[in-house]
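S.K.: Assemble the complex: chain A is given as a structure, and chains B and C must be docked to it using the hints.
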Amino acid sequence: MDRIPILKMGEFLLVSIQVDMHDRLAMTLQDDLTEKIVRHNAHGVLIDISALEMVDSFIGRMLGTIASMARLLDAETVVVGMQPSVAITLVELGLSLKGIRTALDVEKGMDCLRQALAERELLGYAGD
Amino acid sequence: MQVIDSELLPVRAPEDVVIVRQVVRRKSVALGLGLVDQTKFVTAASELARNTLDHGGGGHVQIETVRNDFKTGIRLIFEDEGPGIADIDLAISEGYTTGHGMGLGLGGAKKLSHEFEIRSAPGQGTRVAILRWK
Amino acid sequence: MSPSHANAVSEIIARKEPEIMNRWLDNLSKTTKRVTGAEKLEVAREQKEFMHALKSAAAKEQLDDLSSPGWGAMRELLSDISARRAKSGYTPLETATFIFSLKEPFFGAVQDELAARPEALLAAVRLVTSLVDKLGLYTMEVYQTTREEIISRQQLELLELSTPVVRLWDNVLALPLIGTLDSARTQIVMQNLLDAIVQTRSDYAIIDITGVPVVDTLVAQHLLKTVAAARLMGAECLISGIRPQIAQTIIHLGVDLSEVTTKATLADAFAIALGRGGMSLVRNGKANGNTKIQTNNGNSAD
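Protein chains in written order, with the working numbering: chain A, 1 to 128; chain B, 129 to 262; chain C, 263 to 564.
Chain A on its own, in the form it takes in the complex (with noise of 0.2 angstroms):
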């Protein structure tokens, strides 16, 4: 069974996800990123949607899920790459995404991340 890549950048972890997604897949990328965010002591989690061509209820659950638990292990999470008729039929469906960063491209969800953690830092989260 194939699964989604994680590789290591800098102090985040970037996911790309390229495939279909089924329930499997989706958990098995649930393990696999919170094992490595403490493996990593990665403080930023970058999603990469820019291959999906659409976004149901489901997905989108996944990734407030997968904010969540990131944000329990002190890493805070950005989704990049939405494409603009995924995004329409989003908002059309009423699935905001709220709680969730979002970001252009992996570069602006970098700068997005920094900002986040130096936010964090102002109101004086430990974070190492």
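Fair warning: there could be bad hints in the mix.
[Claimed, not checked] Here are the simulated DSBU-like pairs of lysine-lysine, each with C-alpha atoms no more than 30 angstroms apart in a straight line:
(1) A:LYS108 - C:LYS317
(2) C:LYS396 - C:LYS310
(3) A:LYS36 - A:LYS8
(4) C:LYS487 - B:LYS238
(5) B:LYS199 - C:LYS396
(6) C:LYS317 - B:LYS199
(7) C:LYS396 - A:LYS108
(8) A:LYS98 - B:LYS238
(9) A:LYS98 - C:LYS487
(10) C:LYS349 - C:LYS310
(11) C:LYS310 - B:LYS199
[As the list claims (entries may be wrong)] Reference listing, derived: stretches of chain B covered by chain A, where coverage requires no fewer than 3 residues with Cβ under 8 angstroms from a Cβ of chain A:
(12) 142-149
(13) 159-167
(14) 234-242
No lab work stands behind these hints: they were computed from the structure.
Since we're looking at a predicted model, the values are computed, not measured.
By construction, the Cβ of each residue, glycine as well, lies at the ideal position given by its N, Cα and C atoms.
M.R.: Chains B and C only, in chain A's frame:
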């Protein structure tokens, strides 16, 4: 309404949901739907396929190209022999507030389609049909 | 209508086809303005196909029920002919004349054959009239629907042209909305805006609603949808052009705009967007007092 072609696909495993999406995407492209309209309909199909699998215990979907006097469209009919839905109106609307369970799927599929029909009762399975015209 | 009468007419159609065709062709060429060789060929071909379809349908079906399956091929043919004419700019009259000018040749044929039997002749004339009327009406319906589709498409194209996205600065887009914001328009607005965000990699978009006459619950929902869609693409929306009455309406409707920055003027919204993007407007101290936009040193306060 004329049925121009029809395909029956099983919805019994997670992999089937992926296949349903691919077939619906292919048919939408063939029909000449724009990208946003394609995505909306494929998403609606995905929601209903998941419902059939997760709440209906598995079933099948009939994918049809249909035509009435002046327009052509795609119709999907999802059927399962699961527990059925007691309060359909509640099921369709609950997704708007809770965002959990099957409500979001039904309500969502309805919002993303031009026509929506549902027949279900406790112990009698569920049949949901959605249609998108070009 | 006795079956024998109907059969008689079907037979006549089959037997006298060449005569009917010629008279029909003749009539049409006298009344039509379509004179180019290509157009004449086209019309002649359509007539041939029509007669062929008529003959085969008449041979097996009720002559007065166009919805039965045997008439399927004829209905399709008429749809094609009609749609073609609608797209090529034939007038409604020309399209209708194509079918209705068939009556006279039909009458002629029927009269020749049944002159000696007045009752049969009367029944046949009634049948022919009813048949041609139905064929003509069907043709006109398809023609009308095609014209309406063309108009819809043109309206859509106009809509796309009337929702431009303007690049105010490196990082800031502006969307001046003029006119009502219905759901069709909102789809176009969202598509244009999101495409522009991808192309320009802008972080901010200002939706100016000065030109939107009415803001009711639906319009407000459409605005919020657009804001949400842009946010999913990593861009923040500001709404400007909020007139005092609009502000009141929005509060009374209970629309929650708390998550969106709103400003009365586009200029104010622009300044805010620049500030958040780490830039500011600076007067450069020359006598004529020009201002320029520069990047702030260090972090910008907002």
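S.K.: Now look at each hint and say whether the structure bears it out.
M.R.: Now the hints, each set against the structure:
Distance hint between A:LYS108 and C:LYS317 is unfulfilled; the C-alpha atoms sit about 69 angstroms from each other, more than 30 angstroms. Using a Cα cut-off of 30 angstroms, the hinted pair C:LYS396 and C:LYS310 holds, with the two alpha carbons roughly 19 angstroms apart. Distance restraint check for A:LYS36 and A:LYS8: the Cα-Cα separation of roughly 9 angstroms lies within the 30 angstroms cut-off, and the hinted pair is therefore satisfied. Restraint check for C:LYS487 and B:LYS238: the C-alpha separation of about 18 angstroms stays at or below 30 angstroms, so the hint holds.
Annotation: proposed proximity of B:LYS199 to C:LYS396 holds, straight-line Cα distance about 21 angstroms (limit 30 angstroms). Annotation: proposed proximity of C:LYS317 to B:LYS199 holds, straight-line Cα distance about 28 angstroms (limit 30 angstroms). About 64 angstroms separates the Cα atoms of C:LYS396 and A:LYS108, which puts this hinted pair outside 30 angstroms; it is violated. With a C-alpha separation of about 22 angstroms, the suggested pairing of A:LYS98 with B:LYS238 holds against the 30 angstroms cut-off.
Restraint check for A:LYS98 and C:LYS487: the C-alpha separation of about 13 angstroms stays at or below 30 angstroms, so the hint holds. Annotation: proposed proximity of C:LYS349 to C:LYS310 holds, straight-line Cα distance about 21 angstroms (limit 30 angstroms). Distance check on the hinted pair: C:LYS310 and B:LYS199 sit about 27 angstroms apart at the alpha-carbon level, within 30 angstroms; holds. As drawn, the region 142-149 of chain B meets chain A at 5 residues by the rule of a beta-carbon pair under 8 angstroms; at three or more, the given contact holds.
Chain A is given as covering the region 159-167 of chain B, and this holds because 4 residues of the stretch bring a CB closer than 8 angstroms to a CB of that chain, at least three being needed. Only when three residues or more bring their CB closer than 8 angstroms to a CB of chain A does the claim for the region 234-242 of chain B stand; here the count is 4, and the claim holds.
The structure is inconsistent with the numbered hints 1, 7, although it conforms to all the rest.
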